[in-house]
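Q: Numbering of the sequence shown is given in the UniProt record's numbering, commencing with residue 1 and proceeding in unit increments.
A few of these clues could be false.
[What the hints assert, rightly or not] Okay, derived cross-link-like pairs now, BS3-like style, lysine-lysine, Cα gap no bigger than 27 angstroms in a straight line: (1) K37 <-> K9; (2) K47 <-> K95; (3) K9 <-> K75; (4) K23 <-> K37; (5) K47 <-> K37; (6) K23 <-> K4; (7) K74 <-> K54; (8) K28 <-> K4; (9) K37 <-> K74.
[As the list claims (entries may be wrong)] Simulated DEER-style distance windows between Cβ atoms: (10) A51 <-> Q24: 15 to 23 angstroms; (11) N17 <-> P65: 16 to 24 angstroms; (12) K95 <-> Y123: 17 to 25 angstroms.
It should be emphasised that the hints constitute simulated quantities derived from the structure, not laboratory data. None of these values were measured; they are calculated from a predicted model. For every residue, glycine included, the Cβ atom is placed at its ideal position computed from N, Cα and C.
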Amino acid sequence: RYIKMYGRKIYEFALNNVPKAMKQALDKSGVPIENIKKILIHQANEKMDEAIIKRFYRLFKTDVPKDIMPMSIKKLGNSSVATVPTLLDLILKNKLDGHQINKGDTIMMASVGAGMHINALVYQY
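Model the full structure from these sequences, guided by the hints.
A: Written as structure tokens, this is what we have:
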């Protein structure tokens, strides 16, 4: 017996559902998309994360801003549930070049993971 991951199905699930959850969180917050300074997304797969962000912005009929999505996967890999808080910590401690979050900035965090759970939140730092 062994565990098998159906990567393509997970990828498709994430692409179809994470942008919708992100939009729902942003709509509920009342924050305009233009006010989002950074989107911290679970660092599972950079290609998938880029596709999720593109689909998210497409829901608002707007282009993806440059440097909206910091990535740490090349440096740290996929550390499961710790990727988003670790990414936030790296940015706050100025350990991720080209990215910063200032007091008053509004950021979004999103993840998809074990059990196909999806989370998205809007947070003013």
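Q: Determine for every hint whether it applies to the structure shown.
A: Taking the hints in turn, this is what the structure says about them:
1. K37 <-> K9: violated (30 angstroms)
2. K47 <-> K95: Judged against 27 angstroms, a Cα distance of about 22 angstroms means the pair holds.
3. K9 <-> K75: Since the Cα atoms of K9 and K75 sit roughly 26 angstroms apart, the hinted pair holds (cutoff 27 angstroms).
4. K23 <-> K37: Between K23 and K37 the Cα gap is close to 15 angstroms, so the pair holds against 27 angstroms.
5. K47 <-> K37: holds (21 angstroms)
6. K23 <-> K4: Measuring from Cα to Cα gives roughly 31 angstroms; hence the hint is violated.
7. K74 <-> K54: holds (20 angstroms)
8. K28 <-> K4: The given pair, whose Cα atoms are some 36 angstroms apart, is violated under the 27 angstroms limit.
9. K37 <-> K74: holds (22 angstroms)
10. A51 <-> Q24: 15 to 23 angstroms: At roughly 19 angstroms between Cβ atoms, Q24 and A51 fall inside 15 to 23 angstroms, so the hint holds.
11. N17 <-> P65: 16 to 24 angstroms: The hint (16 to 24 angstroms, Cβ to Cβ) holds, given that N17 and P65 are roughly 23 angstroms apart.
12. K95 <-> Y123: 17 to 25 angstroms: holds (20 angstroms)
In this structure, the hints that do not hold are numbers 1, 6, 8, in rising order.
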